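Here is how the chains run, residue by residue.
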Amino acid sequence: MVEVKEPNPEFTRKVIDAGGKTVNLCFQCGTCTGSCPSGRQTAFRVRKVVRRAQLGFEEDVLPSEDLWLCTTCYTCYERCPRGVEIVDIIMALRNMAVRKGYMAESHRKVAELISKTGHLVSLRDEDKALRKKLGLQDVPPTVFSSAQSLEEVKKIAALCGFDKLVATGGKS
Amino acid sequence: MSKYAFFLGCIMPLRYPGIESASREVFKSLGVELVDMQGASCCPAPGVMRSFDQTYWMAVAARNLAIAEKMGVDGVLTICNGCFDTLFEVAHKLNHDPDLRKKINKILKDATGMEYNGTVHVRHFVELLYRDIGVEAIRARAKSGKNLKAAVHYGCHFLKPSNIKKIDDAERPHVFDDIVEAAGMTSVMYKDKGMCCGAGGGVRARTPDVALKMTAENLKNMTAAGVDIIVDCCPFCHLQYDVGQVQLKEYKIPVLHLSQLLGLAFGLEREKLGLEVHQTKVNLPT
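Protein sequences appear in the order of chains G and X. Mapping of the first sequence onto my numbering: residues 1 to 172, in sequence order. Mapping of the second sequence onto my numbering: residues 173 to 458, in sequence order.
Derived from the structure by calculation, the hints contain no laboratory data. Everything numeric in this text was worked out from a predicted model, so none of it was measured. Among the hints, erroneous ones may be present.
Pairs of lysine-lysine, PhoX-like flavour, derived with a Cα cap of 20 Å [what the hints assert, rightly or not]:
no. : chain 1 : residue 1 : chain 2 : residue 2
1   : X       : 444       : G       : 133
2   : X       : 274       : G       : 155
3   : G       : 132       : X       : 265
4   : X       : 265       : G       : 154
5   : X       : 281       : G       : 21
6   : X       : 315       : X       : 421
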């Protein structure tokens, strides 16, 4: 017997509200999948991600690794004959997925670094030495040079609950 | 003389500071004054941060925009496709959606006392070179460039999404090629030119093997076209090609950011370009 899943319009509504407002325009032509550089190398099919979002198949789409194989290159978005803003749909789905705890440790670490330091790359002694050699200020004139600025960025993270999201891996 | 807030981002100042010093020198020599943005942070990067929390992504970007807005400059200049994407797209959203701006400004004001008023012009350096400086001025200035065959890599977020960026045709662009040619190079057509380097969207951090497969495909196509150098306009694409070739072992094509290429073509001191930190050695044909 073929099992037929019922669509869940409630989840589709959540995707629309989170930024995927064009999701229902998709008529599944597959121009996106045919244009996808990541799909050439893997089994990721962006058309299927959009279909699952359209039908509200939350349990299929949110835990899926596929969701994270998009490089956000916008080729599909540019070529879509229906004007579906595919990258915006993927971003809306990813925002929901991390809140369900689907967060790779490698990504969590990147997010933790920016949450704590304001940059996603560290400042090592060798970087300072090279900057100086090039005639640049050894510490860049960014949050790295200003404790007050760092506090401001940390406060934004706290107000958005971003620090907690990152600390718990979305599993709170 | 135009005056821009100089947005540094992360990868340029911390991993390829030669791109930063080259950019400072090149724009100075073209009569564009760059002013440091005291206390700016990561843009934040559109890959992981936008994927995690779009409100946080917009609020931190709005803080960077607010810093630039207070400086009384002509706009903010970015040297990286990722920084450009975040700052341009967030400015676009906040400038066009008053309710969203109000929501983000509430967070921004509570955290910093600042607000973003929607007046910052976000520029990508290639776009500024093409539109404001012009190809002819670059050609007139570029006297030291050796004619090399260049694989121009636009990356994704310089031109796309083109419905809001409106810089060039996303499928058949020419602005970056025109500048590279004005610098004395020959921009070579290669298969699937315009394809992503593989690093974006958090793919490099999460599944580096997948990212590298895309990089390898690009490198194969560039090699088939017989190129001498790769020219990029984004430190993250730059990193992916520079480190990726060492990981793949079979390619050794020197990778230059456009600022570094212009530095060479303008006859700037080579020591200012930081080429020695590139992992793929920059041995240019003489």
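Outcome of the hint check:
Restraint check for residue 444(X) and residue 133(G): satisfied, since their Cα atoms lie roughly 9 Å apart, inside the 20 Å limit. Distance restraint check for residue 274(X) and residue 155(G): the Cα-Cα separation of roughly 18 Å lies within the 20 Å cut-off, and the hinted pair is therefore satisfied. A distance of roughly 38 Å separates the Cα atoms of residue 132(G) and residue 265(X); the hinted pair therefore is violated under the 20 Å criterion. A C-alpha spacing of about 23 Å is found between residue 265(X) and residue 154(G), which places the hinted pair above 20 Å, so the restraint is violated.
Simply put, residue 281(X) and residue 21(G) have alpha-carbon atoms about 28 Å apart, too far for the 20 Å limit, and the pair is violated. Distance restraint check for residue 315(X) and residue 421(X): the Cα-Cα separation of roughly 34 Å exceeds the 20 Å cut-off, and the hinted pair is therefore not satisfied.
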